[in-house]
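Assemble the whole structure, with the sequences as input and the hints as a guide.
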Amino acid sequence: MAAAIALIFFYAPVDQDGLNQKIFYFHVPIAFTAYACFGWGGWKALRHLWKGDEGADLESYVAIHLGVIFGLLTLVTGSIWARFRWGHWWEWKEDQLVLFLVLFLFYCAYFMLRYSLPAGPQRANLSAVYALFGVALIPVSVLAIRLSQRFIHPVAFNEHGTNMAASQFFTFCVALVAMLALAATMYTVELAGKRLDVHLRELREALQ
Amino acid sequence: MTYFSDVGALARKDLLLELRARDTLPAMLLFVVSTLVVFHFVLPSESSDLAATGLLWVALLFTALLGLSRSFAAEREQGVIDGLVLAPSDRSAIWLGKALSILAFLGLAEVIALPAFALFFRPISAALVGGVVLADLGIAAVGTLLAAMATASRARELLLPLLFLPLAIPIVVGGVGASVSGEPGRYLGLLGLYDALFAIICWASFEYVVTE
Amino acid sequence: MIHARALEKRYDDKRILRGVTFDVAADGFLLVTGPNGAGKTTLLRLCAGLAAPTRGELDVSVDRGRLGFLGHEPLVYRELTALENLDLYGRLYRVSERRERSGMLLERFGLWDARHARAGSFSRGMLQRLALCRVLLHEPSVLLLDEPYSGLDDEGVKLLDRELAERVTRSAFVVATHEPERLEQFASARLALA
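Same order as they appear, the protein sequences are chains D, C and P.
Take the numbering used here: the final residue in the first sequence is number 975, and no numbers are missing along the way.
Take the numbering used here: the final residue in the second sequence is number 297, and no numbers are missing along the way.
Take the numbering used here: the final residue in the third sequence is number 480, and no numbers are missing along the way.
Treat the hints loosely; a few may be bogus.
[Claimed, not checked] Pairwise CB distance ranges (calculated): (1) 820/D with 164/C: 25 to 33 Å; (2) 341/P with 277/C: 43 to 51 Å; (3) 173/C with 940/D: 50 to 58 Å; (4) 128/C with 956/D: 48 to 56 Å; (5) 820/D with 311/P: 28 to 36 Å; (6) 311/P with 277/C: 49 to 57 Å.
Please keep in mind that the hints were generated in silico from the structure rather than gathered at the bench.
Note that the Cβ used here is the ideal one computed from N, Cα and C, for glycine as well.
Below, the structure is given as structure tokens:
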């Protein structure tokens, strides 16, 4: 856990290809991690609905919460990257950024849904269904955004090179693993905290 | 086969309710025409005609939201949703019946809106109409389920647009793309994909939206 | 027909039901009493399947089509007529000869003349009678009734007594009330909620 965080600060000095590239090593792993969180949240939502797993609702919620945090970080790092690359803080031409904006809005609505309902099986069910919608939305949005660029920015624009040198690729992988480890840590911690809350509440009620 | 007879009975019920109450559909019609008029004042002179087409889709989307926010009103106000949920019929029939009635309202609103748009702004193409039809399917399917979700919460009028708009983005992309781009086929394909995927998800998950 | 063991139901942080245990046989009549807020309505909703228990076991061995539920709301559409409402429920519950049955029930509850009137124009008592028609339309084998006499005038009370007397041996009943005296004659078991 602490090792993961140390890793992140450890590899950063390894690559000095300019600030632009360095952000990339944060931005993309964070994005991947956000996807992983949303995917995990969706999986837990499915388990809740389909198998009625106890606690799956809580796990789904924590995963999505984390996903939103990482999603926000994706937008922030992406914005910084856009600043270095194009000179302004936002760029609609970047499919990835636009996608995260849409997902960010979607999952914020997830929280609005959750907060507007009292705790109970109904909230769990509705959250789970909406989380599944989110998972389905991801590929459809990717397609939609790509298609939308055709009529919004008709000039073909594809400088996002993915051929990296071996050392860069290695650094990238280390960064990815570190991010995922960080997310897993945060997930476990937050989940434990929430479970503790639930236990406390149950104890309090049993004493009533 | 009883499934479809259930769906038919429920859709008929919704249409009958609207016929008696006459509140949602006239509001939708007035809203969409008013919005189009507002758009005339919103577009500066050098704006392209295409901007107007984009705005048409905004108008359609918000008109749909207006209709959707009323869609479960009867069930909510009188608690009748319990009556429907208790019946031995499949719960997804409630969704499908309601979605079909919303589709009818949207269609009727568009029968007025599209000619109005052609009158005020620019002629409409067959691809645009095709886009509208496919978009309506997606809006009805997803919107009905989300409207049912929103009725469960206290903040229902606020919640429905928040839940719906991110999901409406692919629909808008598909619709506008079909209307303005040189290759509408791709966008109609996107709409078709969206409709199929989300209709299946809605159909399968509606049960969980109305039960504990 | 219905078996419940240590049922518990919590809404948010409030516990409505706790440790509720009972059995209802196919011809049983469970009378549920208790003050307002004791959880009578919640218990009926659990039996109907409209809510899930937080803890405990609940087994209702009939499927939805054989269950009749009368809640606080009549569960009818105000903009539809009495007959249209019954027709809709008749379809959803796959009632054979639904027109005839609807007509017969409306008549038994004195609503025949109002059959083409919008339910929204009905008085409280008439709505309750219409709700009773709705509940009995599909000949349920389990009847869950929440304060069935509420809103009924003397005439309505007599009609309901007659229906209950006829069905009490053929169906299982769970009836919640805060006037148990009226239903004592039918009760085969009692459950008092705190």
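Results for each hint:
Taking the beta carbon of each, residue 820/D and residue 164/C are about 31 Å apart, inside 25 to 33 Å as hinted. Remark: the range hint 43 to 51 Å for residue 341/P to residue 277/C is upheld by a beta-carbon distance near 46 Å. At roughly 55 Å, the beta-carbon separation of residue 173/C and residue 940/D lies within the given 50 to 58 Å, and the hint holds. Hint check: residue 128/C to residue 956/D, Cβ distance near 52 Å, so the stated range 48 to 56 Å holds.
A C-beta distance of roughly 35 Å is found between residue 820/D and residue 311/P, which places it inside the suggested range of 28 to 36 Å. A beta carbon spacing of about 55 Å between residue 311/P and residue 277/C agrees with the range 49 to 57 Å that was offered as a hint.
Hint check: no violations occur; every hint is consistent with the structure.
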